[in-house]
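Enquirer: Take a look at the letters that make up each chain.
There are 2 protein chains.
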Amino acid sequence: MKKTPSFEDGWKVEIRRGILQYAVLAVVSRHKEDGIHGYGIARELKERTDGLLEVKEGTLYPILHRLRKERLLNVRTEKSDAGPVRKVYVLTGDGDRVYRELTVILDSIHEKLEVLR
Amino acid sequence: MKKTPSFEDGWKVEIRRGILQYAVLAVVSRHKEDGIHGYGIARELKERTDGLLEVKEGTLYPILHRLRKERLLNVRTEKSDAGPVRKVYVLTGDGDRVYRELTVILDSIHEKLEVLR
DNA sequence: AGAAATACTTAGTGTCGCTATGTACCGCCC
DNA sequence: GGGCGGTACATAGCGACACTAAGTATTTCT
Chain G
32 MKKTPSFEDG WKVEIRRGIL QYAVLAVVSR HKEDGIHGYG IARELKERTD
82 GLLEVKEGTL YPILHRLRKE RLLNVRTEKS DAGPVRKVYV LTGDGDRVYR
132 ELTVILDSIH EKLEVLR
Chain H
32 MKKTPSFEDG WKVEIRRGIL QYAVLAVVSR HKEDGIHGYG IARELKERTD
82 GLLEVKEGTL YPILHRLRKE RLLNVRTEKS DAGPVRKVYV LTGDGDRVYR
132 ELTVILDSIH EKLEVLR
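Protein chains in written order, with the working numbering: chain G, 32 to 148; chain H, 32 to 148.
Please note that the accuracy of each hint is not assured.
Identical copies go unnamed one by one, so any copy, or any two together, can satisfy a pair.
As the list claims (entries may be wrong) - The calculated lysine-lysine pairs, modelled on BS3-like cross-linking and capped at a C-alpha distance of 25 Å, are: (1) 143 to 43; (2) 100 to 63; (3) 143 to 63; (4) 143 to 77; (5) 77 to 63; (6) 77 to 110; (7) 43 to 87; (8) 143 to 110; (9) 77 to 87; (10) 43 to 110.
Read the hints as simulated data drawn from the structure, not as lab findings.
Starting from the given sequences, assemble the full structure and let the hints guide the process.
Expert: The following block contains the structure:
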């Protein structure tokens, strides 16, 4: 039985767009010098937002690839004590700059939406 | 000379996704019984958000068509004193319900993003 | 050996905002 | 009466991206 996406599902997908990339930057940013690996990002996103910003792997890894291509993240590899080699991400200088700019934009949008109400 | 979209442009496009449809609902919601026509929505969105949520017509009208198809908006026509016939939009019962649900979701996302920082 | 958790990858799909263009009606002014 | 600017709506084509779904690979525990 194929699950047809409900209208509400659609809204949630759309609203998440863009926000997710910002959320990833935010999580990486909290792990300043040490960095954090993809799987860990997924875990934090889920746990620290009570499941609201949970991401599937097929969503997260493309985001990480993009952010790396844009030079917002650097990657290094690291052996894991349980599982295959990890890719550990840290913010670049640009990444930190963009993250802070986006914070301003998002706050501003939220403020304007309140004005509209 | 073709203008290649910058990285920052890309972010703004993504972050607006979904938000715009909510913003349209918000504007229509403020004009409860009287309703408001498309062009007026565009004007309000631009003026009341200091240009931040300005929409081009090619963006707005598809949104209105979608919202109508989803039965969140009703339409009636109305003669204009300057220009062609207007389509005046009002929220349906469903529209009002979805608008309020989305308000909760958006506030919640904003709150969770602050937790992530 | 098999299961389970960890960890990353990628192909295919649908949606949506944007650009660009087209259509059409009105009032004003020379 | 013809042009112009503002009003008002419609749509084709495009690129970006989250999602679904499936696959690969490594380690630990039983």
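Enquirer: Next, verify each hint and record whether it holds.
Expert: Here is what the structure says about each hint:
In the homo-oligomer, the alpha carbons of residue 143 and residue 43 lie at most 25 Å apart both inside one protomer (20 Å) and across protomers (15 Å), since each shortest distance falls under that limit. Only within a single protomer do residue 100 and residue 63 lie at most 25 Å apart by alpha-carbon distance; the minimum there is 19 Å, versus 46 Å between protomers. For a Cα distance limit of 25 Å, the shortest separation of residue 143 from residue 63 across copies, 20 Å, qualifies, whereas the shortest one inside one copy, 31 Å, does not. For the identical chains of this complex, residue 143 and residue 77 are inter-copy neighbours only, at 11 Å across copies versus 27 Å inside a copy, given an alpha-carbon limit of 25 Å.
For a Cα distance limit of 25 Å, the shortest separation of residue 77 from residue 63 inside one copy, 20 Å, qualifies, whereas the shortest one across copies, 38 Å, does not. In the homo-oligomer, the alpha carbons of residue 77 and residue 110 lie at most 25 Å apart inside one protomer (24 Å), although the nearest pairing across protomers, at 51 Å, exceeds that limit. Taking the shortest Cα distances, residue 43 and residue 87 sit within 25 Å of each other both inside one copy (14 Å) and across copies (23 Å). Proximity of residue 143 to residue 110 under the C-alpha cut-off of 25 Å is found in neither arrangement, the shortest distances being 46 Å within a copy and 31 Å between copies.
With identical chains, the CA atoms of residue 77 and residue 87 are at most 25 Å apart within one copy only, with a shortest distance of 10 Å there and 35 Å across copies. For a Cα distance limit of 25 Å, the shortest separation of residue 43 from residue 110 qualifies neither inside one copy, at 36 Å, nor across copies, at 37 Å.
Checked against the numbered hints given earlier, the structure breaks hints 8 and 10 and satisfies all the rest.
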